[in-house]
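Visitor: Residues per chain are reported as follows:
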Amino acid sequence: MSGPQSAGNAKIAVSDLSVTFTQGRRPVRAVKGVSFSVKPLESFGLVGESGSGKSTVLRAICGLAPVSGGEIRIDGAAMAEPRDKAFARRVQMVFQDPYGSLHPRHTIDRVLSEPLAIHRFSDREDRIVQALKDVGLDARFRFRLPHQLSGGQRQRVAIARALIVEPEILLLDEPTSALDASIQAEVLNLLTRLREERNLTFVMVSHDLAVIDHMCERLLVMRGGEAVEALERSALADHAVSSDYTRTLLTASEGYVR
Amino acid sequence: MTDEPLLEVENLRVRFETSRGVTEAVRGVSFQVGRERVGIVGESGSGKSMTGRSILRLIRPPGVATADRLMFSGIDLQALSERRMRAMRGRRIAMVMQDPKYSLNPVMRIGSQLVEALKVHERISKSKARERALQMLADVQIRDPERVLSAYPHELSGGMGQRVMIAMMLIPSPDLLIADEPTSALDVTVQLEVLRILDGLVKDRGMGLIFISHDLRLVSTFCDRVLVMYLGKIVEEIDASRLQDAEHPYTRGLLECLPAIGGSHEPLKVLKRDEAWA
Amino acid sequence: MSDMTHSERSGGLKAWLTSDTPASRFQARAINIWFAWRDLLRNPLAVIGIVIIAALILMAVFAPLIATDPPNRQDLAARLLAPGVDGHLLGTDELGRDIWSRIVYGSRVTLQVVALVALTAPIFGLVVGTVAGTLGGWTDRVLMRITDIFLAFPRLILALAFVAALGPGIVNAIFAIALTAWPPYARVARAETLTVRRADYIAAARLQGAGTLRIITGHIMPMCLSSVIIRVTLDMAGIILTAAGLGFLGLGAQPPLAEWGAMISTGRQYLLSHWWVATMPGLAILIVSLGFNLLGDSLRDVLDPRGGQK
Ligand SMILES: Nc1ncnc2c1ncn2[C@@H]1O[C@H](COP(=O)(O)OP(=O)(O)OP(=O)(O)O)[C@@H](O)[C@H]1O
Ligand SMILES: Nc1ncnc2c1ncn2[C@@H]1O[C@H](COP(=O)(O)OP(=O)(O)OP(=O)(O)O)[C@@H](O)[C@H]1O
Ligand SMILES: [Mg+2]
Ligand SMILES: [Mg+2]
Chain E
1 MSGPQSAGNA KIAVSDLSVT FTQGRRPVRA VKGVSFSVKP LESFGLVGES GSGKSTVLRA
61 ICGLAPVSGG EIRIDGAAMA EPRDKAFARR VQMVFQDPYG SLHPRHTIDR VLSEPLAIHR
121 FSDREDRIVQ ALKDVGLDAR FRFRLPHQLS GGQRQRVAIA RALIVEPEIL LLDEPTSALD
181 ASIQAEVLNL LTRLREERNL TFVMVSHDLA VIDHMCERLL VMRGGEAVEA LERSALADHA
241 VSSDYTRTLL TASEGYVR
Chain R
1 MTDEPLLEVE NLRVRFETSR GVTEAVRGVS FQVGRERVGI VGESGSGKSM TGRSILRLIR
61 PPGVATADRL MFSGIDLQAL SERRMRAMRG RRIAMVMQDP KYSLNPVMRI GSQLVEALKV
121 HERISKSKAR ERALQMLADV QIRDPERVLS AYPHELSGGM GQRVMIAMML IPSPDLLIAD
181 EPTSALDVTV QLEVLRILDG LVKDRGMGLI FISHDLRLVS TFCDRVLVMY LGKIVEEIDA
241 SRLQDAEHPY TRGLLECLPA IGGSHEPLKV LKRDEAWA
Chain V
1 MSDMTHSERS GGLKAWLTSD TPASRFQARA INIWFAWRDL LRNPLAVIGI VIIAALILMA
61 VFAPLIATDP PNRQDLAARL LAPGVDGHLL GTDELGRDIW SRIVYGSRVT LQVVALVALT
121 APIFGLVVGT VAGTLGGWTD RVLMRITDIF LAFPRLILAL AFVAALGPGI VNAIFAIALT
181 AWPPYARVAR AETLTVRRAD YIAAARLQGA GTLRIITGHI MPMCLSSVII RVTLDMAGII
241 LTAAGLGFLG LGAQPPLAEW GAMISTGRQY LLSHWWVATM PGLAILIVSL GFNLLGDSLR
301 DVLDPRGGQK
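Chains as they are written, first to last, in our numbering: chain E, 1 to 258; chain R, 1 to 278; chain V, 1 to 310.
These are computed hints drawn from the structure, not numbers from a lab. This one's a predicted model, so the numbers in the text were calculated from it and none came from an experiment. Do not take every clue at face value.
[Stated by the list, open to error] Below 27 Å or equal to it, Euclidean Cα-Cα: the simulated BS3-like pairs (lysine-lysine) are:
| # | chain 1 | residue 1 | chain 2 | residue 2 |
| --- | --- | --- | --- | --- |
| 1 | E | 11 | E | 39 |
| 2 | R | 272 | E | 133 |
| 3 | R | 126 | E | 133 |
[Said to hold, decoys possible] Listing some non-contacts, in silico: residues in chain R with all C-beta distances to chain E over 10 Å:
| # | residue |
| --- | --- |
| 4 | 32 |
| 5 | 60 |
| 6 | 64 |
| 7 | 68 |
| 8 | 77 |
| 9 | 88 |
| 10 | 122 |
| 11 | 138 |
| 12 | 143 |
| 13 | 184 |
| 14 | 245 |
| 15 | 274 |
All C-beta atoms in this analysis are idealised placements derived from N, C-alpha and C, irrespective of residue type, glycine included.
Same shape as in the complex, but just chain E (with noise of 0.2 Å):
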């Protein structure tokens, strides 16, 4: 599923992907043949049954999951093997879980600051003070460590140390799906707005239809390793689907039906 690709102008094209683990001695094929393609400053969504290959599809963007098959291009270029530094100063991810994706001893400071020593920035000082601004947290949180923040907190500073390198793409893996409603609704206008002023592009990977919708201008919906279908915004609200599962889970977000 899909359809022609016109890689010459996409900024992220993923093409046939397959990832295949092995889980001791079987291959497990979490991802069969993905294929889909993301224009530049464009916000992009994947949806799907979990354990369908979301977070697998960010991480072999990111080159931390073994990709057996299929092609990612960046600005129609090929990624390196392993990934460089160039590519770290141009995609970046935040994670799922904001409780495991801070380092427990770390404090915010070095936590903002060791990406700026790895690609050797030179306002060290400032970019920290700044990048804490961005993502409206205040200059005292800057020297706690993570367990001394809440979950919101920390998901913000998951997002200050992804943008701090200025990178152009944003891979969001569920980025709201531990935050209550009132967080989500500040985490994801934070994310709209630093989206308009960076001029970046996103990735994200959400269970919530309605997250989705909020921030995506076009989706996929994936299960089980495979693409069901790709769907524009705004066929979300008018349930114009074609595929029986997407149908199942715009009605399964209406809420529990007893």
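Starting from the known structure of chain E, fit chains R and V with the ligands onto it as the hints suggest.
Guide: Below, chains R and V with the ligands alone, put in the same frame as chain E:
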């Protein structure tokens, strides 16, 4: 079935007294749970998890939990010895922790962890236990239970880990299940299946369920009653079906910041917190 | 700042150390150390441990002031005097040397052993364990097989073999003990590494462009450090005993150097008639071992991240 509630909590408090000062995570919470589905919602850090944990007496030092009354089907939980409490935890009250990946042993296969949990509760042969484990995983909609049995926790997706935890907690068929954000990483269809299982247990076996969540839409459709917590207090208790017309400004605020399919794509409303709510 | 009165300044320091909004990296670190220290001091057992270890260090540093006699001055007329007789606090040994003074000077040897072993073995073990755990594959297999081989022998026997090969003497004894002490640290560090290496924060660091060296030293080692430190303090007793054992067998410190193990060894012949000769250094070993054990136990409570959170 008697009218007597399964769990009675009166004036529950949880304090953290550290050298860095005192934090009151839960400040005088009272509620009752019968053989029904009670939801607890509230923002991050409002004390939902601490409330759940203190029922099982699982607050770790420096935290201290106190209550005027903490009765579970006629048993005073506060008076139980640590040994009897442990038996209670295993068999009659179970809790699905918020962070599945941290609650699972990272260097042990899922299968061994499930089999071990089964063998604690019943005398059962290894092959029987394995069969049961497979069935339990299938029940929580895991598509490839054979593989998941031989997987390590890091080899599972976020949602799979969560379902493994749920399966594990249902092994002893508890009378009361405290589920702390059990479905936050699940996609909507699987979420509904898992809720159906929980619902079945409440209806058929008369289990009590405390369902901690931040998903208001889900809680309003799934639960019977909802407790809304804010800064360690219950600010509102309301029938789930009437959550849409909640009165407390905090509950209203929470409802208003939800995005909706086909909604406007303007920035979402954010909650304006008011000192007076505390 | 300079015109502050003393009390204001100390109040300022206190506020500086307890602020929840540190203004600099240095202050943040100081605050963490300060709170860990305060938590430690709340535990009476820890305080006992700290006092014992501090006493050991003071004793070693100021040995000439604390000792009543030179440690090796023999006085055959005053052989095997009972404690308290003729101003010999703990009595004298078979050559008429003052036992108290020998214990005081012996603390220097003990401290030297402890410090050198504590600086080498855990660091070596930490490196082996984290590298094996992080790289995995055949690196892991080779490093862990070597560790297993070392672990398979009882420590004293292995140390004995090394000393026998290297020749007796305190430096060789320390070297032998360090060589035999690292494998458990490697195991601990590897086990800890295995639980964290798949964590998202490690993947995040890689994604930031961090190399393997940076990941091991900056991200994995800090997670293993507290287990290793705790293990080290708990092991100190064993290390002191091994050193004493080597001394006892005549393979450690050589006479006339005052060393507790060697002192017990010679005192053994007089155990029935003159109990104090062997018992006093034995008590010294016991007390110092206890001190390290108490400290190790309480450090576990303060440093173990799992105890604090969740
Ligand atoms: N390291 C690994 N080794 C083996 N299998 C893996 C590994 N990582 C992921 N998998 C498998 O790949 C599949 C896809 O996982 P992935 O994390 O991409 O799912 P997901 O779509 O993000 O699901 P969720 O919404 O639950 O997070 C799952 O079946 C999972 O078990
Ligand atoms: N060890 C601790 N020391 C001090 N305060 C703590 C400790 N553990 C938890 N707290 C505080 O207790 C409060 C309640 O925490 P709790 O985990 O119950 O929140 P929650 O409602 O479950 O939030 P979330 O939705 O993020 O899970 C928080 O404000 C937290 O800061
Ligand atoms: Mg995922
Ligand atoms: Mg919680």
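Visitor: Looking at residue 32/R again, its CB stays over 10 Å from all of chain E?
Guide: It holds; residue 32/R is separated from chain E by about 22 Å at its closest Cβ, greater than 10 Å.
Visitor: Starting from residue 272/R, check that the Cα of residue 133/E is at most 27 Å away, please.
Guide: holds, 20 Å
Visitor: Hey, is residue 122/R genuinely clear of chain E, shortest beta carbon separation above 10 Å?
Guide: holds, 28 Å
Visitor: Please verify that the nearest CB of chain E lies beyond 10 Å from residue 274/R's CB.
Guide: Answer for residue 274/R: holds, closest chain E Cβ roughly 13 Å.
Visitor: Just double-check residue 143/R for me: nearest Cβ-Cβ distance to chain E has to come out over 10 Å.
Guide: Not fine: 7 Å to the nearest Cβ puts residue 143/R too close to chain E.
Visitor: Over 10 Å to the closest beta carbon of chain E is the bar; see if residue 68/R clears it.
Guide: holds, 29 Å
Visitor: A cut-off of 10 Å on Cβ-Cβ distance, and residue 60/R was said to be off the interface with chain E. Does that hold?
Guide: Fine: 13 Å to the nearest Cβ keeps residue 60/R off the interface.
Visitor: Measuring Cβ to Cβ, find out whether residue 64/R lies farther than 10 Å from everything in chain E.
Guide: Since the minimum Cβ distance to chain E is about 19 Å, residue 64/R lies beyond 10 Å and the statement holds.
Visitor: Mind verifying the non-interface call on residue 88/R? Its CB should be farther than 10 Å from each CB in chain E.
Guide: holds, 28 Å
Visitor: Would the least Cβ to Cβ distance between residue 245/R and chain E come out above 10 Å?
Guide: holds, 16 Å
Visitor: Residue 138/R: least C-beta distance to chain E exceeds 10 Å?
Guide: holds, 14 Å
Visitor: Is the straight-line distance between the alpha-carbon of residue 126/R and that of residue 133/E 27 Å or less?
Guide: violated, 56 Å
In terms of the numbered hints stated before, the structure departs from hints 3, 12 and 13, listed from lowest to highest.
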